[in-house]
Amino acid sequence: MPSLLILLLLICVPTPSHAYAGPGAGFAVLSSFWTLFIAFLYSVYAFLTWPFRHLLRLFRRRKSLVNAQIKRAVILGFDGMDPELTERFIKEGTLPNLARLREQGTFRKLRTTFPAISPVAWSTFMTGVNPGKHNIYDFLARDTNNYLPFLSSAEIKGPKRSLKLGKYTIPLGKPTIKAMRRGTPFWHWLGRAGIFSSIIRVPVTFPPEKFPGVLLSGMCVPDLKGSQGTFCLCTTRNSGDKFRDGGVRVPITRNGSGFRSYIPGPEDPLAANSGKELRADFEIHSDPANKQARIVAGSETFTLRVGEYSEWIPVKFKAGLGFSARGICRFYLKQLSPEVEIYVTPVNIDPSHPDLPISHPVTYSIYLSKLFGPYATLGLAEDTWALNEEVLDDDAFLAQCYANHDDRERMLFDALDKTRQGLCACVFDTTDRVQHMFWRYLEEDHPAARNVPRDQRPNVIEDLYRRMDALIGRVISQLDDRTLLLVVSDHGFKSFARCVNLNAWLHQNGYLALKAGKSESGDWFEDVDWSRTRAYTMGLNGLYLNLKGREREGIVNPGAEAGVLKEELRQKLNGLADPASGRTGITGVFDCDAVYAGPYVDNAPDLIVGYGAGYRASWDSVMGKVTAQIFEDNLKAWSGDHCIDPRLVPGVLFSNRKIADEKPAIVDVAPTILQLFGVQLPAHFDGKPWTVQATPAT
Amino acid sequence: MSLLTPIRSVAISNVFSISVPAALVLVISIVVGLLMVVLFRYTSNQKAIRIAKDQLKAHLLAVRLYQDQLPVVLASYGRIVRGTGRYLRLAFTPLLIVILPITFLIVQLDRYFGWTPLTPGQSFLVTARAKTVEDLDSLSLQLPEELKTTAPAVHVPADKEVVWRVEAAKNGAYDLKVNAADHAVEKSLLVSPALARVSPERLRAPYWKRMFVSGESALSDGPVQSIAVDYPVRTIAFAGFEWNWIWLFFVLSLVAGFLFKSVLGIEI
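Just so you know, the protein sequences line up as chains A and B, in that order.
Using our numbering, the first residue of the first sequence is number 33, and each one after it goes up by one.
Using our numbering, the first residue of the second sequence is number 439, and each one after it goes up by one.
Just so you know, these hints were derived from the structure itself, not from any lab.
Where is the CB? At the ideal position from N, CA and C, for every residue including glycine.
Mixed in with the good hints, there may be bad ones.
With the C-beta cut set under 8 Å, the calculated list includes, among others, these residues of chain A facing chain B [stated by the list, open to error]:
(1) ALA71
(2) LEU80
(3) SER331
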């Protein structure tokens, strides 16, 4: 304030002294003048054109305005919020806001999709159709030419053209990104009717599509390496061990009085298909006495204490000839002695300079970054693999989760502030990640927590639900009478205590054959003899026939033979018992022909396997590995799951209005919203709109 | 100030006679631009400035993203104005630290670049301002032999001034004397083709008033309040235009500063 007064004084005093403030004053004045000038220019354009745009919007909305029952809809998605846990915590008095919603509005279990996997369920949520019409059946799909997996939601390829110059291959153009999810999100229909939408981190929205609104892509956005999240553990420890999933080990080497290491980056764009990766070096100057280290990464220098995360640090991977890739990551100092170990998060796409489109419009991610600072853009931002591989401990993982969650909350409240009419939808992933990783503490005898005494088990999940309830309370306080609130989850949760290797079962029951001399197979069916294999499983719930004419080395004839084989597998697998306990490992096997309908059913698995509560596909089975054991304990921190019989893991539906429907399903959300806004429903919708009370209960 | 000896005047002209004013201003501007940004870096809260600028950009983007929602647009404009104030406050705080030294530097440079010394044969005005109108009649101008008046003195009672038109015959540093009753005061005068330091006025005033126009000590108390010589204002040819040196310095140092700030990664 004193400096502002002096500034005003200088401006007012009629001497040339302020002219001698020199170039320094000029910088500040020029920068601020430029900002105001741009704002002024744009305001002239905006105000002059606003009446025309407003009339156009009114024209588009003319039909819906007549029939609209709501002015605004707010959808809070809590991935994996479980109705049974919610009811339990409400009963215990831990969730007052959800209790009030239940009492004054609606609480129902929300039927999920087949299978109950997030990309499948959220795709159905947004398109209002079954997977046979939106083409997403799992995180992964398989290439029938080579039985290898690919990401089911998006395909990223290099530029179509390149120029060879000596040892360099110069890419000409941007990478091509193709969305694999079909169907039209319901906010597009709203947009056509002139209704604005703000969509934040709804899964399977990468690449972002154009529509009248703003959108930040969610689950399935890759990291800078193009993967779904590859962390690195930089360490002085000599170890040849590789991580099972999700990360790489990078050596830290001595450099004078300090240390040196690097962050692995994307493939060198100038050496396409060489497998050569770019690297970003960094230095470490440790201070073990004070349990801290100074890290120099590019132009950034920061100090970390042991057990502390850095802020988001920009990293640049230089390829030469002016090509570079930019990302952001966080460093976590694990220890300084006896070994130096630093965990680095997957390198996220920098939202302020996105190398791939992660929002619509492109400026939306930049806007959020300028407003709130850098944030996680990776679809699966919470590094569950690092906890699974014991690179991070519980506290470090939770700190990461809640830091991302806090960023998401800020985005939500900004969207609420900016979207006074229309749709505001935001999905929070924290509920899913934390329940995956900490379910072990809920159960008395979970194999992953047998070593942790009951009284030392933290109430992580109860704390999680309490936080979400508090968030809901803050959101409710900002809503008016004409706003509909929906709190939904895509599925529930159950324990994952026992693994089922279905490929092992198929092998032991003669449906899957291995090469001569092999009793097991490595990842991705490495040692499978396809010429004698009739069925295989890959991913979380899909079971495939090795169909002639579809799979490259298919041997099962389509038609009657396939039908008989499917039924045989259904009969044998349904009710499969765990020999260790006698409990049912598989409670349902579903024929996809009966479950799905639509133009993309040919891409679906042949059978969906519904595991019983406490069971799930084994880590090996998911990756196409064949082992000797069918059932085994799950000892990993990832101890809760939902990729089981969908009938066992419905999601939640809360609303501030009375909803008459007794058995709502996630596929009904889209038609319900459209109807409430007075928008005509597309004929291809599978979901049915709910009967929603006209006035709010709260 | 005593008359400068011919040796001193030659020495002064030799120091600058080979320099081009535009080149000098350019070099000084670049150096000052660099110094300013470096000083700014160490006297400012860089993180706060970066955040303030980012917030401004965010609000600008909001105007575009939510252009169809008038209340949001208006609210964003309000935030832009408030954010600009915040940014200026952060940016001006370090400037208050550097304003004194930069002001002194510019004042000193103004002595060289603000005016050109007189040339032989060029007529110029010498203006003396008296304390009272009554003192006007007692004022007289005493010139060295190399200088002569070319017209009678003109009295301007409204301004309490007497004006003489004078002409110099040859180069040199001279002292004019203005006599008033029993009081005499001197004023330096420079006739030279070279880039040299000039003092357009000598006056009776506190230092902070004198510093911008005078390079000489204050006049002692007496009937004469000030003596001014109308040296021609210097313009500097640069990029096809004639510039006042301060504007040229301002523009060049700004450009230099913006270039250096980008290279050095300094937030302004």
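The hints, checked one at a time:
A cut of 8 Å between beta carbons decides the hint on ALA71/A: the least distance to chain B is about 5 Å, and the hint holds. A cut of 8 Å between beta carbons decides the hint on LEU80/A: the least distance to chain B is about 12 Å, and the hint is violated. The interface hint given for SER331/A holds, since its Cβ lies 6 Å from the closest Cβ of chain B, which is under the 8 Å cut-off.
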